[in-house]
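Asks: What follows is the residue order along each chain.
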Amino acid sequence: MGSPVDIPVYWDRMLLDASQVTNPSIDPLREPMELKTFLGAKPKKVNIVTGKNGKPELKTKLTPQLELDIPIMFAAMSFGAINFNLHRAMARAATATGTAYNTGEGGLHKSLYKYGKNTIVQVASGRFGVHLDYLKAGAGIEIKVGQGAKPGIGGHLPGEKINDKVSETRMVPIGSDAISPAPHHDIYSIEDLLQLIYALKEASEYKVPISVKIAAVHNVAAIASGIARAGADIITVDGMRGGTGAAPAMIRDNVGIPIELALAQVDQRLRDEGIRNNVSVVAAGGIRCAGDVIKAIALGADAVYIGTATLIAVGCTICGRCYTGKCPWGIATNDPKLSKRQNPDIAAKKLTNLIRAWGHEIEEMLGGMGLNSIESLRGNRDKLRGVGLSDTELDILGIKHAGR
Amino acid sequence: MKRVYPDKNYCIGCHLCELACITAHSKSKDLIIAYREERGKDGLSPCKRVFEKGDTCVAISCRHCDEPSCVAACISGGLHKDPETGRTVYDRNKCVGCWSCLMACPYGAIRRHPTEGKIVKCDLCDGREEGPACVAACPNAALKFEER
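Just so you know, the sequences run in chain order Y and S. The first sequence begins at 1 in our numbering and counts up one residue at a time. The second sequence begins at 405 in our numbering and counts up one residue at a time.
If we strip away everything but chain S, and leave its shape as in the complex, we get (with noise of 0.2 Å):
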């Protein structure tokens, strides 16, 4: 399946996936409202961060692992793996907001909701046509969606 891959060795650490991110998950789809408003009011958060250690910076997200450890951890069933797309699927409805995904992931990739009880995990932009919003932000090409 295909995935989306930073490299770090691109990554200049501009955090403009982080606002293409809460741009494709907002009501407005629209950069200053969301950032201005929807960030506030509804605890929009992105679902990827970008992480920065000395010159070395990079976007990490859900990795859509094959064996989740996230799926397995998860108390409810709010997570599955989607044996068609190969997607690791999160149902907001589902979930109890018990965070054990959260401790479970190796990589960090699951995050809090800011204000409810619930996750924030990317969903590789389900439903975008063009594909994930965050690569097609980069300005470096450091994310690339690709079958690897």
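Next comes chain Y alone, as it looks inside the complex (with noise of 0.2 Å):
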């Protein structure tokens, strides 16, 4: 989404069942739709006991889950990319709609500490302001190993966008350029993963799921495998689509493969492999609307990351431009003159809006579909038809044709 090569999308060219005679539709407005999401992972049992007082009782113990009202979260974009304005308004907003929303690299400033249940902490190759506080501060932790946007490269943030407040997050010096190294100078092979999500498990007291970002590449679905054989509980895939103006040209509108693909063949590899439940998927990079958000949860994802969006709803006009630190919607920018006029009341109502809207969006398509839980679409490709898609892709896929 924030690239601006034809990269073709498969949402476009995939369709949504809705009910007709046989099963009724239903209306959102008058009856019950669950759009609860816990990520993390599942047991493959449960085991539910009477308890004294004659309530049931859980025995099993779960693993620590992230709960969301919506599965809509906000991508990681760090502070320091974008301003503590910002940063500020998506946690409000995370807050008030109940769902997540990620720190990106560049750390937690102290005063968003307080919005820590609906924060995920992201520990990327740079390791930016990680200390035992902020891994303590979220409700999930999540490695980053590549970005959608630009797989395979680090970051750089210049050193004009380092004031003293982002300098004091992500603990280097004011106005040095903050580099992240392309891989993980401690990961090179999925047991050094292992090592990693562990020692980020341990460090956290076990009390909030580990999850793993990556950038969907072309042997995705068997990476996706070991990230879930590693322990993580949530595999993030992020497709080429995402967006960044602060990555080179060439790598944005060339390297990585698109989120349909990539979410269609994890799924489907988890799947085969008998391990679904141990991980939940969460799809990321070229989500543009609600209806891509329940084509992705259909076809696999168990939530979906939006970053590019989340920035269009406080202005973001995706020219791409990131990187200069001159944004005039004083979106990626720490300018006080420019960052200012992202009024953190003004932008929390506007992405509170952006979740609440696609939220009910999602709950209209699925009361067409005749379901009342998002859980019941879930992996449910019967549910999508291909149109224009060759036999190839509609097998990767894993969908039929229209028609069929």
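Among the clues, some could well be false.
[Stated by the list, open to error] Listed below are the simulated DSS-like cross-link pairs for lysine-lysine, each with C-alpha atoms no more than 30 Å apart in a straight line:
no., chain 1, residue 1, chain 2, residue 2
1, S, Lys457, Y, Lys337
2, S, Lys412, Y, Lys326
3, Y, Lys337, Y, Lys326
[Unchecked claim] Taking beta-carbon pairs under 8 Å as the criterion, some of the chain Y residues facing chain S (in silico):
no., residue
4, Lys337
5, Lys340
6, Arg341
7, Asn343
8, Ile346
9, Glu364
10, Gly368
Since the hints were derived computationally from the structure, they do not count as laboratory data. Being a predicted model, the structure only gives us computed values, none of them experimental. Heads up, the beta-carbon is just placed ideally off N, CA and C, and yes, glycines get one too.
With the hints as a guide, bring both chains together as one complex.
Replies: Given below as structure tokens:
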């Protein structure tokens, strides 16, 4: 979505089902509709016994879960890349809508720790702002291995964007470039990743789920399988249409594969190997509207991340010049004169509206399909049909052609 | 009483409050006519001004002080404190244009009328049901009309 080149959008070639005659559709304004989602490893079976007071009691010990009222989260956009006002707005909007936002690799400002229940803290290759309090502040920890907009390369936050607040949060000197390396220098295999996952689990006392974010690349399904076996609770797959105005154009436009194909393959591989329940899958990179969200969920995602859509809601025009630090909308800048153009009160309201509106649209579409819970749609590819896709594409997506 | 409070942290210096002010105080109540015609012909001038220095900007207008220096300085009774609303009210007919108030105001919130021997001062859009026009026009919620 943040990439201007004409990469095929498979969302537009997939169509949703609706109920007619033989099964009733549901009106979400009259009947209850459940969008609540739990991210994290699910047990194979649950053991429920009748307790002393006659009420059911859960005997199975559940692994930590991240609870979302609506399966849409704000994607990782670091404090530094975007400014404090917007970080605060995202935190407030996530709290108001009962979903989560991701801090990105730039750490979390101390004043935002109070929104911790709706925060996913990220640990990326630069390890900026990572310390014990930070890891314990969030409701989830994400290890960023790759980013859809720029798979295989690191990040570079220009020194001009590092002011005192960013410097304090990232733990880098004011005015110095913050460069995150392309690889994690301690991860060269799935076994190494396992060590980091368990190090973070130890640090956070096994209280929060650990997510691993990878960019959608050619062998993404095999990598996802490895990540699941390494003990991650959540796998985030970031497709190539994911955007950032801070990626080299050649990499943004040419590296990676579209999220639809990657997501379908990851879900299928995990199911084939019988480990789908051990992880939740989050899709990111190129989610443009509620229709895309619901198609992603039908393809097998548990939730989605929205990044570019979040910024568009607060005024972004996708000019792709974030790296200059001179964003006229006051988004990707820390210049005090520009960043004050984003009033966190107004931005939080806009973001809350975005999530709520998409939530309503999802409810409407679910109701149209005769489903009253997002859980019934998860991985339910029977609700999708392809149009104008080749046999190979249909096979990869695991859906039938329209009319079949 | 409710007053207009500017917030320098979010004022972006767009001057829309000034335009809203002249529109609200114009005869035509139309922005284009007010700005292009009434401003030059009738000396229509905004009651508030946006001041900028470096990264900071802020919209200054009458604060309707509890103990107004302008009222104390007024020689003709053109300014008085309304005991009911708490507002500092300007009576144009009594004003003689001595500009004592202008010198007395510690906030620089009173300005000379550009063409006549009168002053221009915020009246909190008296009679406007929706409240002050500048507050409604502010795109970044940097002006708040509230009790503090």
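Asks: Run the structure past the numbered hints and jot down the numbers of the failing ones, going up.
Replies: Violated hints: 9, 10; rest satisfied.
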